[in-house]
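Peer 1: Residue numbers (the numbering used here), protein chains in the order written: chain A, 1 to 224; chain S, 1 to 224.
Treat the hints with care, as some may be off.
Covered stretches of chain S, as calculated for chain A (at least 3 residues, CB under 8 Å) [what the hints assert, rightly or not]:
{"#": "1", "segment": "36-45"}
{"#": "2", "segment": "59-73"}
{"#": "3", "segment": "113-120"}
{"#": "4", "segment": "135-147"}
Since the hints were derived computationally from the structure, they do not count as laboratory data.
Note that beta-carbon positions come from the ideal geometry of N, C-alpha and C, so glycine has one too.
So the chains spell out like this:
Protein chains: 2
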Amino acid sequence: VAKNDSSSSFVLYPVFLDLRNITALLVGGGEVAHRKASRLLQCGCLLTVVSPKLVPAFEEFLPLMNFRWEARGYENGEAGNYRIVVSATDEPEVNQRVCHDAKSCGCLVNVVDRPDLCTFHVPSVTRRESLQIAISTGGKCPALARHLRKQLDEIIPEQYGALADKLEIIRAYIKEKVTSQERRRIFVARIVSSRASHEFLNGNEALLDAILKGWKRARSRTGG
Amino acid sequence: VAKNDSSSSFVLYPVFLDLRNITALLVGGGEVAHRKASRLLQCGCLLTVVSPKLVPAFEEFLPLMNFRWEARGYENGEAGNYRIVVSATDEPEVNQRVCHDAKSCGCLVNVVDRPDLCTFHVPSVTRRESLQIAISTGGKCPALARHLRKQLDEIIPEQYGALADKLEIIRAYIKEKVTSQERRRIFVARIVSSRASHEFLNGNEALLDAILKGWKRARSRTGG
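When you get a sec, could you build the whole thing from the sequences and use the hints?
Peer 2: Below, the structure is given as structure tokens:
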């Protein structure tokens with residue numbers, strides 16, 4: 001009998017990290033490392049790449065203020081100097097060492113294609129501006145997560161990000177006007193599942209804008 | 001003109017954390033704190049809750065080995081002794097202090113309903129065993145993430161978790177037999193989007209099992 005899902009008895013904890021100005025180390029300079037670097041840089045972290053060589057795609061990062069390349073191999077212990085570490089080399093001993101150094105210093109570490117060495121797993125992501133949907137199998141089958149991501153990409157309306165921005169403004173208005181936390185929660189939930197929000201996703205922004213305008217007028221009348 | 005989406009120009013980095021045996025601090029003992037505690041404990045972290053009082057729902061956690069309650073207020077600096085910190089009190093000065101202490105020690109911190117104080121945001125999650133889908137607006141409108149989560153919950157087949165487990169086994173077989181990483185990748189992607197996987201999601205596991213059985217037989221014939 002094949003080993004089955006005994007390893008799935010624990011649950012991973014999904015979080016969305018604010019990496020602005022956080023120090024990050026990426027070990028490796030191949031195609032996979034390039035994809036990892038791209039996502040990390042987009043999130044605003046201060047990225048150091050350690051690798052004797054880089055694939056040409058890395059050139060796009062060279063002008064960036066938050067990108068630094070050290071053209072050498074990984075040095076023992078250095079992972080401990082960073083807050084988040086990704087190892088993407090094809091040398092198993094290097095990956096092992098990076099993992100060991102990072103774990104002993106308590107920093108977050110991901111080793112590509114070695115879920116057993118990771119303290120965090122990198123999901124597939126569908127993004128609509130500030131709204132993100134992250135899908136992971138905890139390293140069991142990343143291709144399944146990618147497959148599902150593609151399907152969601154087709155059905156999640158483009159307008160979802162703009163809706164999140166609009167609802168943020170509406171939520172701030174409600175916070176000003178409604179003191180009870182419970183009533184605020186119900187109010188916001190009602191707006192989220194309203195026809196106005198649904199229409200917004202279909203490209204018709206008029207209804208939600210009208211609600212917002214009505215509130216602004218009401219507020220200026222009461223002199224608030 | 002209302003302030004619009006200028007704050008959305010940075011991107012949050014979604015990760016799935018392995019919290020087994022990681023020390024976590026939760027400040028607060030209300031309903032919201034209880035929900036946060038529940039998810040953290042499920043993920044296997046060593047949780048300390050600091051709060052003069054707990055709502056009765058917390059009683060379910062008292063027998064757990066990885067749960068500890070300290071019946072007192074938050075003490076200056078103590079957030080720095082933990083790897084991950086959640087503040088869920090309704091006292092703004094306490095939330096501020098926890099955030100400050102955690103940030104100055106480089107530990108991850110989430111302050112409920114204060115996205116500006118968070119280094120990580122907690123998403124809404126749809127789970128199918130080891131497959132998880134995490135949705136976040138980065139604190140702009142958590143109710144929108146919850147709304148989308150409910151919709152996904154209705155359309156994501158129950159069998160997705162079992163499929164991830166099955167594909168993990170299939171992937172291990174492929175790893176043994178196919179040396180080229182690129183060919184392995186294509187092979188796995190093909191299985192993931194195959195009719196066999198599609199049928200599996202509809203409750204018909206026979207096709208995927210037959211593929212696996214065929215490989216096992218082939219392997220035993222070659223004596224591998």
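Peer 1: Do three or more residues of the segment 59-73 of chain S come closer than 8 Å to chain A, measuring C-beta to C-beta?
Peer 2: violated (count 0)
Peer 1: Report holds or violated for chain A covering the segment 36-45 of chain S, Cβ cut-off 8 Å, minimum 3 residues.
Peer 2: With 6 residues closer than 8 Å to chain A, the segment 36-45 of chain S meets the three-residue bar; holds.
Peer 1: Holds or violated: the segment 113-120 of chain S covered by chain A, criterion of 3 or more residues with Cβ-Cβ distance under 8 Å?
Peer 2: Holds, because 3 residues of the segment 113-120 of chain S bring their Cβ atoms closer than 8 Å to Cβ atoms of chain A.
Peer 1: When I compare C-beta atoms, does the segment 135-147 of chain S have three or more residues closer than 8 Å to chain A?
Peer 2: Check passed, 11 qualifying residues.
Checked against the numbered hints given earlier, this structure breaks only hint 2.
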